[in-house]
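Enquirer: Note that the sequence shown covers residues 1 to 527 in full-length UniProt numbering.
By construction, these hints were calculated from the structure, which means they are not laboratory data. Errors might be hidden in some of the hints.
Said to hold, decoys possible - Label pairs and their computed distance ranges (CB to CB):
| id | residue 1 | residue 2 | range |
| --- | --- | --- | --- |
| 1 | Tyr370 | Lys342 | 37 to 45 Å |
| 2 | Glu481 | Ala461 | 42 to 50 Å |
| 3 | Gln482 | Glu107 | 49 to 57 Å |
| 4 | Lys171 | Thr104 | 35 to 43 Å |
| 5 | Ser505 | Glu107 | 47 to 55 Å |
| 6 | Val399 | Gly369 | 34 to 42 Å |
| 7 | His341 | Arg30 | 28 to 36 Å |
Model, not experiment: these values are computed from the prediction. Note that CB positions come from ideal geometry on N, CA and C, so glycine has one too.
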Amino acid sequence: MIHQSRFDSVNIPDDVSLTDFVLSKVHRHRDKPFMIDSADGSVITFGETRQLIHNVVFNLINEHEFGCGQVMAILLPNVTLYPILYLGIARSGGASSTINPLYTDEEIKKQLITSNARFIVTNTANQEKVLKSITGTSVEKVFVIGGDSSKNTLPISSLLKDINVTHLLPKNVKNPKKHIVCIPFSSGTTGVNKGVLISHYNIISNLCQAEVYGQVTDKDVMIGFLPYFHIYGQILIMLQSLYSGATIVNVEKFDFDVFLKLIEKYKITHAKIVPPVMLQFAKHPNLDHYNLSSLKRLFCGAAPLSGELTSIVHQRLPGVDIVQAYGMTELATAVTCAESHKARDGSAGILMPNVQMKIIDLTGSDVEGYNKEGELAFKTPSAMLGYLNNEEATQSTIVDGWLHTGDIGYIDKDGYVYVVDRVKELIKYKGFQVPPAELEGLLLKHECIQDCAVVGVPDEAAGELPKAFVVKKQGHDLNEEQVISYIAQHVNPQKKIRMVQFIDSIPKSATGKILRRLLRTSQVSKL
Numbered sequence: 001m002i003h004q005s006r007f008d009s010v011n012i013p014d015d016v017s018l019t020d021f022v023l024s025k026v027h028r029h030r031d032k033p034f035m036i037d038s039a040d041g042s043v044i045t046f047g048e049t050r051q052l053i054h055n056v057v058f059n060l061i062n063e064h065e066f067g068c069g070q071v072m073a074i075l076l077p078n079v080t081l082y083p084i085l086y087l088g089i090a091r092s093g094g095a096s097s098t099i100n101p102l103y104t105d106e107e108i109k110k111q112l113i114t115s116n117a118r119f120i121v122t123n124t125a126n127q128e129k130v131l132k133s134i135t136g137t138s139v140e141k142v143f144v145i146g147g148d149s150s151k152n153t154l155p156i157s158s159l160l161k162d163i164n165v166t167h168l169l170p171k172n173v174k175n176p177k178k179h180i181v182c183i184p185f186s187s188g189t190t191g192v193n194k195g196v197l198i199s200h201y202n203i204i205s206n207l208c209q210a211e212v213y214g215q216v217t218d219k220d221v222m223i224g225f226l227p228y229f230h231i232y233g234q235i236l237i238m239l240q241s242l243y244s245g246a247t248i249v250n251v252e253k254f255d256f257d258v259f260l261k262l263i264e265k266y267k268i269t270h271a272k273i274v275p276p277v278m279l280q281f282a283k284h285p286n287l288d289h290y291n292l293s294s295l296k297r298l299f300c301g302a303a304p305l306s307g308e309l310t311s312i313v314h315q316r317l318p319g320v321d322i323v324q325a326y327g328m329t330e331l332a333t334a335v336t337c338a339e340s341h342k343a344r345d346g347s348a349g350i351l352m353p354n355v356q357m358k359i360i361d362l363t364g365s366d367v368e369g370y371n372k373e374g375e376l377a378f379k380t381p382s383a384m385l386g387y388l389n390n391e392e393a394t395q396s397t398i399v400d401g402w403l404h405t406g407d408i409g410y411i412d413k414d415g416y417v418y419v420v421d422r423v424k425e426l427i428k429y430k431g432f433q434v435p436p437a438e439l440e441g442l443l444l445k446h447e448c449i450q451d452c453a454v455v456g457v458p459d460e461a462a463g464e465l466p467k468a469f470v471v472k473k474q475g476h477d478l479n480e481e482q483v484i485s486y487i488a489q490h491v492n493p494q495k496k497i498r499m500v501q502f503i504d505s506i507p508k509s510a511t512g513k514i515l516r517r518l519l520r521t522s523q524v525s526k527l
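Using the sequences provided together with the hints, build the complete structure.
Expert: This is the structure in structure tokens:
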């Protein structure tokens, strides 16, 4: 059974580069602040952003002979120059490979080799690590923000220097549907990192699809703390804001109290967040110490969000619209999203325009009807072209045009999609499927629990046993028996927690996904 979007299809231009598309409305608000640096208060306008992007394009092509088919890696925190470099690379005909600044030099090297990057741009804080990582790679030049010219590096000014505005930039992107604009790497939480081939048209599609919801406009002030190296922050904060005319307050390092202060100071209207931040909204003892009256919307993605947690935040922030969406790097980025003030707790919303979905059971057959769980598969114009140099993984993920997500979910008769868990994260207890997200949602309702995660641990008799890793609230006492008893009161016998371990914190990725592989190997600090 194929499920269709309830929206009319939107027109998606297929004859324009991502850069030209995103900048198409800049003339309407060229003197308005686009990005504000929360650290020093410095501002860059929309008009200045456009000019600097054009500078980067011209200098890359003419001064550094960079262009079509070439890759430039970006290893930076959320700085003002991020979208300028990203879109400059795109307009030159090249592709960005965005790298997590927290990576070790070995992890950086691996991505540089896989992506065949020719250039890399970083900052002084990461310069030494980057220089160490490029040995044995194809990297020819290292550009450094805040750095001086040396035999090993070039200052960022060599890309930003002014050009004559009369220069016509060449149209290097001939076929936006096939021309690669970025190569992010998919999450390593469920397997080996793979380069994801995203085209100009893929991202333009998602921006057009998201525009229908009208949730980001030129009246909005966004907060940019989700990393721009990740597809979520990259498309739905950095690019969507530039396209829509919204201002972004940039945050390089996240701290929840600082986050609340920035909402108050800059009158943030819209925050795109991840479940751990939603958890902070639910649990923070001093939330009412801050004036959050400007906040109109919380948009949550990257991992399943329980209905219980959403309900708690609704009670604490009664005037705020809470919207959940679902997507993944390979879908660049969202395929479902709730409409404003029509969200249902626990749901990832409805299918976005131009999106089709089907649900597949464990035997590989299509699921008919509603409220029946299975693996979610999508057709959307934003879906990746494939994995870089990995045809086997591409063919196993995209089957007959359907991108298989590896996520378990269902759709109700009203068209609302619910994401239950990942296929590979389902715990198999004596043949029964136990979804960790369900147990985690229950645990988070306990008054003594600050955070938690549930994984399956091998057991000879049962196959796997559900084990809970629990972070206790400060000043609260709780033991293993109490946790097991609490869950037993709320679930059937197959879903009971069988083991509990108390730890200092739950390991998570930069976008808030629980790193279950670390928990399974007990790479956590015990209390």
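Enquirer: Which of the numbered hints are not met once you compare them with the structure shown?
Expert: Hints 1, 2, 3, 5 and 6 are the ones this structure does not satisfy, whereas the remaining hints hold.
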